[in-house]
Amino acid sequence: QKEVEQNSGPLSVPEGAIASLNCTYSDRGSQSFFWYRQYSGKSPELIMSIYSNGDKEDGRFTAQLNKASQYVSLLIRDSQPSDSATYLCAVRRPGYSTLTFGKGTMLLVSP
Amino acid sequence: DAGVIQSPRHEVTEMGQEVTLRCKPISGHNSLFWYRQTMMRGLELLIYFNNNVPIDDSGMPEDRFSAKMPNASFSTLKIQPSEPRDSAVYFCASSLRGLFEQYFGPGTRLTVT
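Going line by line, the protein sequences match chains A and B.
If you number the first sequence the way the working numbering does, the last residue is 105 and the count never jumps.
If you number the second sequence the way the working numbering does, the last residue is 770 and the count never jumps.
Please keep in mind that the hints were generated in silico from the structure rather than gathered at the bench.
Keep in mind that the hints are not guaranteed to be accurate.
In silico EDC-like pairs for lysine to aspartate or glutamate, Cα to Cα no more than 20 Å straight-line [as the list claims (entries may be wrong)]:
{"#": "1", "chain 1": "A", "residue 1": "K97", "chain 2": "A", "residue 2": "E9"}
{"#": "2", "chain 1": "A", "residue 1": "K(-4)", "chain 2": "B", "residue 2": "E701"}
{"#": "3", "chain 1": "A", "residue 1": "K36", "chain 2": "B", "residue 2": "E758"}
If we take Cβ atoms under 10 Å as the criterion, some of the chain A residues that face chain B in the derived model are [said to hold, decoys possible]:
{"#": "4", "residue": "L40"}
{"#": "5", "residue": "S43"}
{"#": "6", "residue": "S46"}
{"#": "7", "residue": "N47"}
{"#": "8", "residue": "A84"}
{"#": "9", "residue": "P88"}
{"#": "10", "residue": "Y90"}
{"#": "11", "residue": "T94"}
C-beta: ideal position from N, C-alpha, C; glycine also.
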């Protein structure tokens, strides 16, 4: 089982819709979770971090964490074409000071 | 504030040549990470420094790869000799130890022919 899994996509949504991106992880006890956005040809950009079960909102972005089910998700409300990018999930596994990244989900928002 | 700085942004070299990639972390950050990204394997951690000391180099693929961090504001990743399969985008990232949020540089796109 891969340590951090994401559907590669692409996930296609129309402009104005809610995009839901999901990530599962294998190491129970993982403590820190991050979402990065990566535009084509650019570097990963940190957009959200979440550490506790529940929801964390920042503008149009909401991160959701469920440690019991070992998944973390990212919701993007009122999706815009400029949100089209690959979204990487990153997890800090127990006993590590580094992050393990998923391979990312490509999101396409059509006008 | 300046982010993570990497140079060169693009490097094209021939197989067998030495390649040196450079990174300047965000001022005040004391953890530095080198990653390699390819379509097939995604983003892979190569090596991690804390306070200029290499902590985990288990991701370094072969002895052809080496990394140094002579001071808090500079790190290098060297490949000698380079091979076509080393072609990838190499990212440097930095963070404050204990916070775990990593900030990435713009990357170096390496092509080995």
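Right, here's what the structure says about each hint:
Proposed proximity of K97(A) and E9(A) is contradicted: the alpha carbons are some 24 Å apart, above 20 Å. A C-alpha spacing of about 13 Å is found between K(-4)(A) and E701(B), which places the hinted pair at or below 20 Å, so the restraint holds. Annotation: proposed proximity of K36(A) to E758(B) holds, straight-line Cα distance about 18 Å (limit 20 Å). Taking 10 Å as the C-beta cut-off, the interface hint given for L40(A) holds, the closest approach to chain B being about 6 Å.
Of the supplied interface hints, the one on S43(A) holds, with its beta-carbon coming within about 6 Å of a beta-carbon of chain B, less than 10 Å. Interface restraint check for S46(A): the shortest CB-CB distance to chain B comes to about 14 Å, outside 10 Å, so the restraint is violated. Against a cut-off of 10 Å between C-beta atoms, the interface hint on N47(A) is violated, since the closest Cβ of chain B lies about 18 Å away. At a threshold of 10 Å, the smallest CB-CB gap from A84(A) to chain B is about 8 Å, leaving the interface hint in force.
The interface hint given for P88(A) is violated, since its Cβ lies 13 Å from the closest Cβ of chain B, which is over the 10 Å cut-off. At its closest, the beta carbon of Y90(A) sits 8 Å from a beta carbon of chain B; the interface hint therefore holds under the 10 Å criterion. A least Cβ separation of about 8 Å between T94(A) and chain B falls short of the 10 Å threshold, and the interface hint therefore holds.
Of the numbered hints stated above, those contradicted by the structure are hints 1, 6, 7 and 9, listed in ascending order.
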